[in-house]
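Heads up: the sequence lines are chains Z and E, in that order.
Start counting the first sequence at -8; every next residue gets the next number (the working numbering).
Start counting the second sequence at -8; every next residue gets the next number (the working numbering).
Covered by chain Z, per the in silico footprint, the following chain E stretches (three or more residues, Cβ under 8 Å):
{"hint": "1", "segment": "26 to 37"}
{"hint": "2", "segment": "206 to 219"}
{"hint": "3", "segment": "224 to 237"}
{"hint": "4", "segment": "240 to 249"}
A few chain E positions that, by computed beta-carbon distances, are all more than 12 Å from chain Z:
{"hint": "5", "residue": "Ala43"}
{"hint": "6", "residue": "Phe52"}
{"hint": "7", "residue": "Phe66"}
{"hint": "8", "residue": "Ala86"}
{"hint": "9", "residue": "Leu121"}
{"hint": "10", "residue": "Gly125"}
{"hint": "11", "residue": "Gly132"}
{"hint": "12", "residue": "Met307"}
{"hint": "13", "residue": "His312"}
{"hint": "14", "residue": "Gln314"}
{"hint": "15", "residue": "Thr324"}
{"hint": "16", "residue": "Glu343"}
{"hint": "17", "residue": "Leu346"}
Capping the alpha-carbon separation at 30 Å, the derived lysine-lysine pairs in DSBU-like fashion look like this:
{"hint": "18", "chain 1": "E", "residue 1": "Lys310", "chain 2": "E", "residue 2": "Lys365"}
{"hint": "19", "chain 1": "Z", "residue 1": "Lys39", "chain 2": "E", "residue 2": "Lys138"}
{"hint": "20", "chain 1": "Z", "residue 1": "Lys124", "chain 2": "E", "residue 2": "Lys39"}
{"hint": "21", "chain 1": "E", "residue 1": "Lys351", "chain 2": "E", "residue 2": "Lys305"}
{"hint": "22", "chain 1": "E", "residue 1": "Lys39", "chain 2": "E", "residue 2": "Lys138"}
{"hint": "23", "chain 1": "E", "residue 1": "Lys317", "chain 2": "E", "residue 2": "Lys305"}
{"hint": "24", "chain 1": "E", "residue 1": "Lys138", "chain 2": "E", "residue 2": "Lys80"}
{"hint": "25", "chain 1": "Z", "residue 1": "Lys39", "chain 2": "E", "residue 2": "Lys39"}
{"hint": "26", "chain 1": "Z", "residue 1": "Lys138", "chain 2": "E", "residue 2": "Lys138"}
{"hint": "27", "chain 1": "Z", "residue 1": "Lys80", "chain 2": "Z", "residue 2": "Lys124"}
{"hint": "28", "chain 1": "Z", "residue 1": "Lys80", "chain 2": "Z", "residue 2": "Lys39"}
{"hint": "29", "chain 1": "E", "residue 1": "Lys124", "chain 2": "Z", "residue 2": "Lys39"}
{"hint": "30", "chain 1": "Z", "residue 1": "Lys138", "chain 2": "E", "residue 2": "Lys39"}
Just so you know, these hints were derived from the structure itself, not from any lab.
Every residue, glycine too, gets a C-beta built ideally from N, C-alpha and C.
2 protein chains.
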Amino acid sequence: MKIENNLSRENITPSIKTQYRNFPMVPRVIFGSGCFSQLGDILLPMRKSSEAPFIFLVDDFFENEAFVSRVPLMFNDEIIFISADEEPKTAQVDALVNQIRENYSELPSGIIGIGGGTLLDLAKAVAILLNNKGLAEEYQGWDLVNKPALYHVGVPTISGTGAEVSRTTVLLGPDKKLGINSDYTTYDQVLLDPDFTRTVPKEQWFYTGMDCFIHCVESLTGTYLNAFSQSYGEKAMELCVEVFLEDIPEEESRDKLMMASWHGGMSIAYSQVGIAHAMSYGLSYLLGVKHGIGNCLVFLHLEEFYPEGVSLFKKMLQKHHIQLPKGICANLTQNDFDVMVNVALGLEALWENALGSGWKKIITPERLQSMYEKI
Amino acid sequence: MKIENNLSRENITPSIKTQYRNFPMVPRVIFGSGCFSQLGDILLPMRKSSEAPFIFLVDDFFENEAFVSRVPLMFNDEIIFISADEEPKTAQVDALVNQIRENYSELPSGIIGIGGGTLLDLAKAVAILLNNKGLAEEYQGWDLVNKPALYHVGVPTISGTGAEVSRTTVLLGPDKKLGINSDYTTYDQVLLDPDFTRTVPKEQWFYTGMDCFIHCVESLTGTYLNAFSQSYGEKAMELCVEVFLEDIPEEESRDKLMMASWHGGMSIAYSQVGIAHAMSYGLSYLLGVKHGIGNCLVFLHLEEFYPEGVSLFKKMLQKHHIQLPKGICANLTQNDFDVMVNVALGLEALWENALGSGWKKIITPERLQSMYEKI
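Just need the whole structure built from these sequences, with the hints factored in.
Below is the structure:
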């Protein structure tokens, strides 16, 4: 499997330092507890005909009647429940696209993704592939999508990844894990309803929230930082501190973590992540460790690079009684370490952001292996 | 002249409390010192034909050769310099639209507004009217625009108003001053180049920046506040404090004030302004006082409503040696006061935001007049 300069939710453009990026923002957003009830009104004017359905791709966590009754189905609209246990794959996207093409005489009016990063990324990719010929794997890379995606709507049900604002959808393909990075990837509409996050299991809440917190630490301390990214990153960081270290009411906490994810996503969209994400990607690649917890496992040991961030992180772990697994790398072979180190060092933009252009002198393969050995 | 529930840059929707607003965001943004040099690359793919020009509406402050040479003109593109000394008028929009229709065989590829709030609002309105029949005055109100505007790009050259992110363009019409509030009003592209603000005269810099600061105080202390608005408003406020009270380098200050304006605009777009803006609108209506300085004149005397905000504001005035004019209302007649009080009290949403639904018991016409008399 080929590893390119990309990683789970983040969006890396090689030319970020040579010219400013013209960044696509989500053109329409609705925020508020309970605003999911307005989704029907939002979709109605976007319906192309009674034969052109809306397809709802939904995390199967919500596969219960109470949720289904709230989805604004009309005509031949369909809900497809999908497990988020594994990362989204190009073949999975192709299968969904074929299924939808076979089941309907017309192209859908739109695709609605409801879930965490996995579902949000899948829905983006399906919307692109329904309007572009060929296979999903052909579009992995930068700006390879020729035609706009179908109208697509993102409804995050957990907060932290920033997938709701990013211009990428990262897919595991037959020979590479890489995002479909394009201006057409970004959602046309996002619905931010903090009520969805009421039912998130505590550890998942913590790890996904830490994805946002760690993004922000990496963005704010990075050499790629600019005032645009900084303003979003600082706000997201403040919100994370309120949510994870202060005793604010639960409703306020849900609202604020949803906004932290939103602003955190904007911050890294215009700058870059760093060492924790690079190393976490190595862990994911070799051991299948998921993105949120992988970031946490790594970040705990990055005090020398991110002293303030790691200090806050330790307080957050303690306050929420989170016990991170230990000894993850205890029984790895030298070959295993070589693979992880290669994967991590391949993410050059992340290291350059973290340590500047001379990063190769600072992080040798040996030093990186010793960092992994602590985990 | 009829006064409706609206004011200069702000966007008031009567139904804000009954359901959440689905808010249009600028779908594409580029930020960075010097990024104006990328405007040509941005416009190129949007050009419809060599006969369909881009029309640049530019504040005549920039009417010099150095600037003209930087505008990426091609084919029959045109720069129209416009004075920002007076607020934009519906008749001015209609005249520009007629002029453009007469001079070109095809509709323009797009309209680019370069300047402060006045130019940014004019360009939005011209882009709407070029693609919608009739006169500008017919579209003043909420959601009266039927067809999308022409592609339009906003390039703010002074920071504070938030006009670059709002969904309104406020025009003085034959019988009312009111915004064209619509989802089509929002810019398709914004270019944030802090270099433009190098040449802003100091007092204009201060008063326009204070528009942002006062927005934020009003939004953050208002009853309409939600977590979305709060996060943007708090960030904008922090940036204003850095810019106006701390000693940061000039380049950083320009960057940060531009981001403050951006976030401040987002904050009020999803909430509401308050007492300073209501009273300032009365001053503008009767005496022609401009929006930025009008806000400052009023805000100085609102300590009982906004104690922390006014305290910070006084420090900012002192630090920058700004002498506000005094005795503005000294020689007014009772009839003058009646007019101002009526105009201000007509902005019901602003008072309700500031003081809650029982605001009419708190602010009587007599009390409001006594507040004006201090100015």
